[in-house]
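Peer 1: Dock chain G against the given chain A, drawing on the hints supplied.
So the protein lines, in turn, are chains A and G.
Under my numbering, the first residue of the first sequence carries the number 1, and numbering increases by one thereafter.
Under my numbering, the first residue of the second sequence carries the number 1001, and numbering increases by one thereafter.
Simulated from the structure, these hints should not be mistaken for laboratory data.
Each hint should be verified, as a subset may be incorrect.
[As the list claims (entries may be wrong)] Calculated pairs, DSS-like style, for lysine-lysine (alpha carbon to alpha carbon, straight line, at most 25 Å):
#, chain 1, residue 1, chain 2, residue 2
1, G, K1054, A, K365
2, G, K1215, G, K1120
3, A, K486, G, K1199
4, G, K1179, A, K486
Here the structure is a predicted model, which means the values were calculated and not measured.
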Amino acid sequence: MSSTPAAAVHAGHAEHHELSFIRKYIFSTDHKMIARQFLFMALFMMSIGGAMAMLMRWELAFPETAVPFMHWVPEPYMYDGAIPPNTYNSMFTMHATIMIFFVIMPILVGCYGNFLIPLMIGARDMAFPVLNMLSFWVGAVAGLIMLASFFVPGGPAAAGWTSYAPLSAVPVYTGVDWGQNLWCISLIVLGISSLMGSINYITTTINMRTKGMTFFRLPLVVWSLFITAILLLLALPVLTTALALLLFDRLAGTHFFLPAGGGEPLLWQHLFWFFGHPEVYIMILPAMGMASEMIATFSRKPIFGYRAMAYAMAAIAFLSWIVWGHHMFQSGMNPALGSGFMLTTMIIGVPSAIKTFNWLGTIYKGNIHYTAAMMNALAFVAMFVIGGLSGIFMACTPVDMFIHDTYFIVAHIHYVLFGGSLFAFFGAIIYWFPKMFGRMMNETLAKIHFWITFIAFNCTFFPMHILGMNGHMRRIYNPLQYDFLKPIQPINVFISISAFVLGAAQFLLLANIIWSLAKGKKAEDNPWRANTLEWTTPTPPPHGNWDGPLPVVYHGPYEYSSPLTAEDYLPQNVELPARAAVAH
Amino acid sequence: MIEHFWLPEGISTFSPRIDFLFTLIFWITAVVWALVTIAMIVFMIQYRSRPGRKATYIEGNPRLEVLWTTVTAVILIGLALLSRSTWANIKEQGPPGDVFYKVTAKQFNWEITYPGPDGKLGTADDVTVENEFHVPVNKVVRFQLSSKDVIHSFFVPWIRLKQDAVPGREIHVWFEATKPGQYEIPCAELCGFGHSGMKGTLYVQSEEDFQHWLKDKYSQGK
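Chain A extracted, bound-state conformation:
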């Protein structure tokens, strides 16, 4: 493998002197430290995004009443605790923006992409460690800019996370001035961060695999992160371009999206969703990969149809470029185009179904260990099935005519992004916590967190399908303004109470993380008896990952319960005696 000279150089670095505090914890070039930085940034941002969800749910259940404990918020953001419409619009805009760009992407791509790729392919670090450090710090600056927008006159952006022009392009339409500008600038800066990360991931995966680690011996999570990095590399510049044009419209008097000057509002939607749909898969593919690792490990069984799983992710990635129009069926886009996008959207359901069936095939005849990580991974599959199936409704153009822009859509995206991506994260943090921090998470607390979250999640988001079927629009701050929504208001109350339980349950996760960091049981090197290379390192792994030479890989990552071994697992770096005998 061509990586050997580079690896030797890194090995040399690894044995260097002890690093200063700042180089070790703040401006670190160690991929594992950068992964932890992304994780803590995302957890911090998640608490902000989550708090805004709680405020929105209060408003929807008890419209125009004072939110408890919120009297201190100054006017005009709140009036003695009551939320005015523009603040509500800002909240759902910032809730989605923060959760998508500063929680799910940093966790899946920033944290686990960074942590797992070098460890799982047998590399000492990323290909470009300094670029990696810059990627985090540029991302942190983007986060600070986004948070700063809460404190400018007019408040933060209020045009939705999709920021449809002309609403987003002319300050007077929303009453938000610098909030929207900072929103654009923050996401442009974040795009630079993502670009640096994706170049790093792609280069590392192609060039730095250890001896014997062929592409079809890569763990599925590395496949998913590699494919995600390619999507990021190609999708983010489109968003950056669109944001730059929007900023020009706002600040420089251009009319890219303003019909008064010959511009075209639908151009924004095309650009945004051309980025936005690959983005949706950026947020689910790594979750699929992480769930695959946990399901194989805890079923003690090979992944069913490993190659089909890898090809299905590649197919999803390819198709994700030609489905963006399904967000625009009712937008005034030529309806004939809608039919084409309906067909491609239906087809993208096929690889998603393949993945689901293969996960079922993996647990079939397994020997399933119900750890908290496994429970979350299985919940990921079950919730992804619901989110995937509800997508068929909106792929069908005539049905979409009714459910578009209703809570049916809100239910769908949360089943995919919360039920999917976040449950995979809840599993992943338990599964990789020992390698990341050298301690185990508390299993009992993790299971309590799982059950409350799982039940409250379904009570929160499943009834939203029913709201949508009644025509309940998204992004309205007071359902009682409509006669036809008054009879279903009790559903809104039920959803909100469930949401409060769901929100409160996340303190258990936070408590578990903090408690386990300090007091958790010391972890062995391979606590789950898993095959992949990260478990062959010392716990926690040192700078440079392996103390001695890099491991050599002899077989695929999922040799569980092989009839050729006495144990029910076979790490990738262990040569099977029988095969060794044949080879020599």
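Peer 2: Chain G in isolation, oriented as in the chain A frame:
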């Protein structure tokens, strides 16, 4: 409450076709969900770890994989082809109109323009009313939808109609209501701080009532 656990009443000529597709997809997805979930629960119980058990080493089954890929593809592509004609009929051509209007959205009202006594839109006697959309029952209503400022979306849940109103564009929309009554017309696309609460009313009236209302309105306009 239980009566709200399904679609609201449909009152347009195309609402039964949309509801048919919704119901069809509902049953397909419900059956698939039930099968997948039952299989999952059965596997989870049957193959739980017990002392002395070992998993069976299975790497895959190409024949099974080809089978479920093909079946899924046929169902999904079939659904797309089945939906195609309904969509084309509603949004692409549709029947010739009986009555004509112009609907212009603005922050945060619907402006409904009636053709006036001469029956023609775009002439001096046009009458514009805010948020009151009167149409005759069992007649094909056609209107040009546009917006003065931002994107709005014309939504009548019972008609099953939704169409964005885009500034700089005139989008042709049609429907035929089959039941007299009053129906709310919420805006379905975020359009600013007054988005919540932006609504008009669709009055579906008998031909007589409709003519009567028109005459009243036109005489006021003079």
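Peer 1: Evaluate each hint against the coordinates.
Peer 2: Verification of the supplied hints:
Proximity of K1054 of chain G to K365 of chain A is assessed by CA-CA distance (about 9 Å); at most 25 Å being required, the pair is judged to hold. Proposed proximity of K1215 of chain G and K1120 of chain G is supported: the alpha carbons are some 15 Å apart, at most 25 Å. The hinted pair formed by K486 of chain A and K1199 of chain G meets the criterion: a straight-line CA distance of about 15 Å does not exceed 25 Å. Taking the CA atoms of K1179 of chain G and K486 of chain A, the gap is about 22 Å. The hint holds against a cut of 25 Å.
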